[in-house]
Amino acid sequence: MDNPKVFGIVALKGGVGKTTTVANLGAALAQEFNKKVLIVDANFSTPHLGLHVGLVNPNYTLHQIMSDKHSVYESIYQHSLGFHIIPGQLAPVGLDYNKLKEKIEPLKEIYDVILIDSSPSLNHEMAAAMGASDEILVVSSPDYPTLSSTLHAVKIAKESGTPIRGIILNKVHKKRFELCSKDVSEASNVKVLAVIPDDIKVLSALSKMVPIVSFSPSNEVSHSYKKLAGSLIGVNYKRPIFGIKRKNGGEIETYD
Amino acid sequence: MAITSEQYFYALNGAVLKNKNDLLEFLKTVDSSTFKHHVNLEKNDFANWIDGVLKEKRLAKKISQTNNPEEMINYIGETIKQKDQKKMDKKSVITLLVNSING
Ligand SMILES: Nc1ncnc2c1ncn2[C@@H]1O[C@H](COP(=O)(O)OP(=O)(O)OP(=O)(O)O)[C@@H](O)[C@H]1O
Ligand SMILES: [Mg+2]
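Here the protein sequences line up with chains A and B, keeping their order. Residues 1 to 256 (our numbering) make up the first sequence, in order. Residues 257 to 359 (our numbering) make up the second sequence, in order.
Next comes chain B alone, as it looks inside the complex (with noise of 0.2 Å):
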């Protein structure tokens, strides 16, 4: 799902994040104190920018209820994986064995 510019997520920072492998990316490395403008008592930027515009609501729950970068990074990239998996169709399982044995 493709998503405008007014959508993206604007970080204190200057990080501009389009998808969740930025939010990821930008986690991983994020200064604290730009971390905590956007997550504090107040509000969860992230967790909001999840259910509102990448529309995953049951990511952006579990963002909402931590105050942790390193949790969120699990979080998101639990995600990340389960979808690769999916990726892997029994189509592609079944040419990776066929190419694997015939060469």
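One chain only, chain A, in its complex shape (with noise of 0.2 Å):
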């Protein structure tokens, strides 16, 4: 198979840090590795992906994607952080699931990265991220609950036939009391491909709907994330030794 270009972020919790990842993981690639980068809101009963990056209430979504009303190409918005987004419906409605795969398979010619949010719920919508996916990442954080969802999770992934690229640790302290990303990968038999701090800046960074790679830069948790979105492509990120804030937050248009 050619490179993986297809992501599809998950987990069976929900607030671990999927669309979080998501976001993050889009805008770092557009940003820092020059990347054409979609991202996708696939978790149909909660799309919040446009409210982590400013887009509140689109007239054109994936739903409607999904029931032929337009066709994929008119349901992209163009970040000014560089990244296209096909943004989900606040209120949605029911929808065959299955064709997701069908929908985002010929922008695959289109861009170098696809990252797919999906729904923390065993169900189609799940079912049917993974199916769209070239690869799962898992996201986890480091306590026992979330320990036994992504066991799950992972189980499931394994299922349905997509690879697991590996888990990212989210929200962690780096308290002794945790797990620690080899408890996780041993318990998975997953590699844990990355280890996101836990920190306030990025809820302060989603209050503005702003991604913390983006509204915050030099933020340990920005450079985990810029790490991570090199690995997916094969890049290797060099920290800068000074980090430099933008303090461009990012205003949406749209790509038509």
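It cannot be assumed that every hint is accurate.
[Stated by the list, open to error] Not everything, but these chain A residues come out facing chain B in the computed CB check (under 10 Å): (1) LEU55; (2) ASN59; (3) TYR144; (4) VAL154; (5) LYS155; (6) SER181; (7) ASP183; (8) VAL184; (9) GLU186; (10) ALA187; (11) SER188; (12) VAL192; (13) LEU193.
[What the hints assert, rightly or not] So, partial list: chain A residues that the calculated Cβ filter (under 8 Å) puts toward chain B: (14) SER148; (15) LEU151; (16) HIS223.
What the hints contain is simulated information worked out from the structure, not anything from laboratory work. Quick reminder that beta carbons are idealized off the backbone N, C-alpha and C, glycines included.
Grab the two chains, each in its own frame, and use the hints to assemble them into the complex.
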């Protein structure tokens, strides 16, 4: 197979940081690595990716693509931070989720990387995200309940047949009582690709609807996301000695 | 920690106690004259034994402050529970999780 392009970001647990990860990897790949990147909100029931990047109430959504109301190209928004996004519809309707793969497929010609945000529930939405992806990234955090959900997610991912690229261990406080990445990788038999610190700055960035990699580029969380973004495309991220703060919060423009 | 037979607790009613669990079970059924023989205004044999032989200072202190077998049972029970919880270390929790999900 060619290099994997479509990454499904999954977890069988809400609030672990899937959407945060998608938004930040999207911004990092576009800004830091100059990649053509598309982020897709396939968390159909509770689609909040737009709210992480300042796209509050979009007219064109993945929901409409899925119900064949619009072509996939019409629902792509170009973000001023450089990535493109297909948002979801905040008050969603029932859909045939299996179409996701066929809708995404032609976009592989256009983009270097496509990141799919997904539902935290064990349902058709999650299955659709896994099915549409070339590789799966499982988001976890260093506690027993999340580990349990992660083991379950890994099992489901393996059953789906889509390879697992690795685990992203998020919200790490670096405390002795926490699980460490070795605990998680040994229990799951899956490599931990990145350890992302827990930082209140992530919430502060969210309140401004800007990914932290742009909101606070020199923050440890931002470096971790940029390093992970690089590793996904096989590029080594060189951490600058002095971080340069970008003031640009990013505004939304439509693509067409 | 193993203790020798000289260190066992020989109760008035003939019971022989080798450890904290034995003491716990003993206290549940002990008759009051045996209990009073060991715990009275002059002494508290259980507290002394826990301190001197079992080397559990904190528990010994608690036991020394009561002359009520029910309370003693609770205090001893608490320490046993704490130990059981400690036994559930990270590795065993993770193993349980892995087994419960992967069958
Ligand atoms: N590294 C971090 N440090 C601090 N807060 C974080 C971090 N990562 C995520 N958060 C916060 O945790 C909350 C949940 O994150 P996010 O929405 O990304 O999770 P999710 O997995 O997408 O949740 P859902 O399953 O509900 O879609 C958000 O408020 C986010 O800002
Ligand atoms: Mg989310």
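Tested hints:
Taking 10 Å as the C-beta contact cut-off toward chain B, the hint placing LEU55(A) at the interface is violated, the least distance being around 36 Å. Contact between ASN59(A) and chain B, as hinted, is not supported at the beta carbon level, the nearest pair being about 42 Å apart and thus beyond 10 Å. The interface hint given for TYR144(A) is met, as the beta carbon of that residue sits about 6 Å from the closest beta carbon of chain B, less than 10 Å. A cut of 10 Å between beta carbons decides the hint on VAL154(A): the least distance to chain B is about 9 Å, and the hint holds.
Look at LYS155(A): its Cβ gets to within about 6 Å of chain B, closer than 10 Å, so that hint holds up. Among the interface hints, the one on SER181(A) is violated; its C-beta lies about 13 Å from the nearest C-beta in chain B, farther than the 10 Å criterion. The interface hint given for ASP183(A) holds, since its Cβ lies 6 Å from the closest Cβ of chain B, which is under the 10 Å cut-off. With 10 Å as the threshold, the beta carbon of VAL184(A) comes within range of chain B, its nearest partner Cβ sitting at about 9 Å, so the hint holds.
Because the beta carbon of GLU186(A) sits about 8 Å from the nearest beta carbon in chain B, less than 10 Å, this interface hint is met. Checking ALA187(A) against chain B: minimum C-beta separation of about 5 Å stays under 10 Å; hint holds. With its C-beta approaching chain B no nearer than about 8 Å, SER188(A) sits inside the 10 Å limit, and its interface hint holds. The interface hint given for VAL192(A) is broken, as the beta carbon of that residue sits about 14 Å from the closest beta carbon of chain B, more than 10 Å.
Of the supplied interface hints, the one on LEU193(A) is violated, with its beta-carbon coming no nearer than about 20 Å to a beta-carbon of chain B, more than 10 Å. Hint status for SER148(A) relative to chain B: holds, with the closest Cβ pair at about 5 Å, below 8 Å. Hint on LEU151(A) holds. Least Cβ distance to chain B is approximately 4 Å, under the 8 Å limit. The restraint placing HIS223(A) at the interface with chain B is violated, with a minimum CB-CB distance near 28 Å, outside the 8 Å limit.
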